[in-house]
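Student: In case you want the letters, here they are:
Number of protein chains: 2
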Amino acid sequence: MSITHPKGFLASGVAAGLKSTGKSDVALVANQGPSFASASVFTSNRCKANPVLWSQEVVKDGVVKAVVLNSGGANCYTGPDGFQTTHQTAERVAEHLGIGAGDVVVCSTGLIGLMNIREHLLAGVDAAAQALSADGGQAAAEAIMTTDTVSKQVVVESRDKTWSIGGMAKGAGMLAPALATMLVVITTDADLTADELDQALRAATRVSFDRLDSDGCMSTNDTVTLMASGASGVKPSVDEFTAKLSEACTDLALQLLEDAEGADHSIAITTINAASEEDAVEVGRSVARSNLFKAAIFGKDPNWGRILASVGTTQAAFDPADLDVALNDVWVCRQSTPAEDPAQIKLDERDVTVTIDLKSGDATATVWTNDLTHAYVHENSAYSS
Amino acid sequence: MSITHPKGFLASGVAAGLKSTGKSDVALVANQGPSFASASVFTSNRCKANPVLWSQEVVKDGVVKAVVLNSGGANCYTGPDGFQTTHQTAERVAEHLGIGAGDVVVCSTGLIGLMNIREHLLAGVDAAAQALSADGGQAAAEAIMTTDTVSKQVVVESRDKTWSIGGMAKGAGMLAPALATMLVVITTDADLTADELDQALRAATRVSFDRLDSDGCMSTNDTVTLMASGASGVKPSVDEFTAKLSEACTDLALQLLEDAEGADHSIAITTINAASEEDAVEVGRSVARSNLFKAAIFGKDPNWGRILASVGTTQAAFDPADLDVALNDVWVCRQSTPAEDPAQIKLDERDVTVTIDLKSGDATATVWTNDLTHAYVHENSAYSS
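Line by line, the protein sequences are chains C and E. Numbered by my numbering, the letters in the first sequence go through residues 25 to 409 in order. Numbered by my numbering, the letters in the second sequence go through residues 25 to 409 in order.
Incorrect hints may appear among the rest.
You can't tell identical chains apart in this list, so a pair holds if it fits in one copy or across any two.
[Claimed, not checked] Simulated crosslink set (DSSO-like; lysine-lysine; CA at most 27 Å straight-line):
| no. | residue 1 | residue 2 |
| --- | --- | --- |
| 1 | Lys43 | Lys324 |
| 2 | Lys370 | Lys43 |
| 3 | Lys31 | Lys324 |
| 4 | Lys324 | Lys84 |
| 5 | Lys43 | Lys185 |
| 6 | Lys31 | Lys84 |
| 7 | Lys259 | Lys370 |
| 8 | Lys47 | Lys383 |
| 9 | Lys383 | Lys31 |
| 10 | Lys370 | Lys185 |
| 11 | Lys84 | Lys185 |
| 12 | Lys185 | Lys47 |
| 13 | Lys31 | Lys259 |
| 14 | Lys259 | Lys324 |
| 15 | Lys259 | Lys383 |
| 16 | Lys383 | Lys185 |
Bear in mind the hints are in silico, worked out from the structure with no lab data behind them.
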């Protein structure tokens, strides 16, 4: 049920012919209120797709009444004509729902530079508006899939079961970076202001989507939109809401990790005893971006030297002569010198852990990534052809 | 003949059993003088191998009389015992040549964290010292190969043929970054001071090795050492020498590019009309590090959207709505909108060019990289096993 689990939301997913496979490709999510408070975060890529340029303006007043999403074309680098497509999409949604186009967030995903998706997309909006229903969550989650092999959905209940959070996501990447565009819609029937939602969303994405670094590439289209209907009539504290929202975002992030393009392994890189959380994230991200390390994990090779070589490229506080590193909890390196035998490390399971002890403070952070596989190269060498 | 082409140098390469294949793995290059001026640059990785820690001290006085290099083990993250190995290697070379150990640069390449190479290495030094000869350039160049499929050598003559530069290199990477350690030894019989050599070497590496970004990974062992014997008796101007040195370094860099691990394509990314050379390099490097773009080139897919998505991650000066991009000189994107038909681009040849017009100034720079292939993943998933 995901996004239609919280009270006050309708959703749908329909096939509009944008995908050559004929699978569903247009999703619509509508907030029925009584509140229309919202918060959003977007890609930090400077080359933003038209839907992002549009939606950044839409969300400024904290009010979002609907989100329309399409797969089958990113509508990025399509010029003024592409912006018109986004604008007309929002207008069409607004007509159907009797709201203003300025309250409609638009999200697109697919190939960059692809023109002429407008006609199909607008017809898809018509169909999606007709199909809106209180059990449309599953259909919507399926309509936003691209290279995803499964839909990603989550429901988190408040402790006293008086309100809940629902979410859906697509993509094999992350907020920043990753080019396999990440689109996330989150709904809640809790009653919070736009400012409170913004505070909670930034806190939750910082420790979830922002720490997923599948392939180091940053999409032009990444969008996360959170809408609160207030339909439960319950006003939780921001702290309580943030905790539940973080749980939902982390759950979705790990679903994305599990289904990343071509990946054989899900790798959690935890940096401990860092001087700051920023240092810990920088170190984790450097390892997550090492093609050499990621290829070694694909080959089930416990090549820990490649971890240290990545750590050495950062500005984090540490003594290069006093680093400890563990792979799957086997401390293969102590004080920057070989320690336990790497041969005892089995990398047959999907989940792999890397632990890096910087011995420079008490901050910790985990960054998630995948291995670099033949299948990744294959999928991404044949995407547009 | 490469490094033994300039007058005043002897070299050798021998098999010492460090490589399991039995191929040659220890090289020695000795400067016979009369001058012993030198300059070196090292990896900027903070996690440096023991030979780099040693050699950084050796080069401080501007005098280097010999360089000893081994493949078959990087001697990195091997602790105090590994540093002793490097120290004893320099001592052994010094004994044979009747010089001080403090004038001997040591370079190593191979697996990180591999202990117990000392015995073989010292025996290799004995053999290499015996084998030194004025035609040893080829043997030395072969002894430093690891995953290289061919040796890399260069000779550049001065315009009036009175002095020359010789060089050898190994590696599938670059000075910063790339983990397939790059080791380069350059010799000249021109007569320049250490300060002049340093000035020339920094200028030459900045536009050659520093602009090679094969896989975004930075080695712990990268070293470039330039030795000048002064044996020609000719003192060229620094400008004249820098020009010839840049020619030699660029030639070696392009040889490395051609032989990069598993690569099918050599890609030259040229950024034009940038506000500064730094901007142009930043933009080129961002594209060179996009796994998605590199996988597309492997698949012969002219997916130019991935170029723009990379450009958008930089801080360079440009208007995101006014970028032009060409692939193999076909301008597929003008003013950030689709232009010429990408279907006419054939990517069957090894060489591929990308041109990015930032329309923000008059600076230009080229960064070189390779595609991301199945063979890259295969080689790097099986390196230590």
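Student: Hint by hint, work out which the structure violates, then give me just those numbers in ascending order.
Tutor: Result: hints 3, 4, 5, 7, 8, 9, 10, 11, 12, 14, 15, 16 break, sorted rising.
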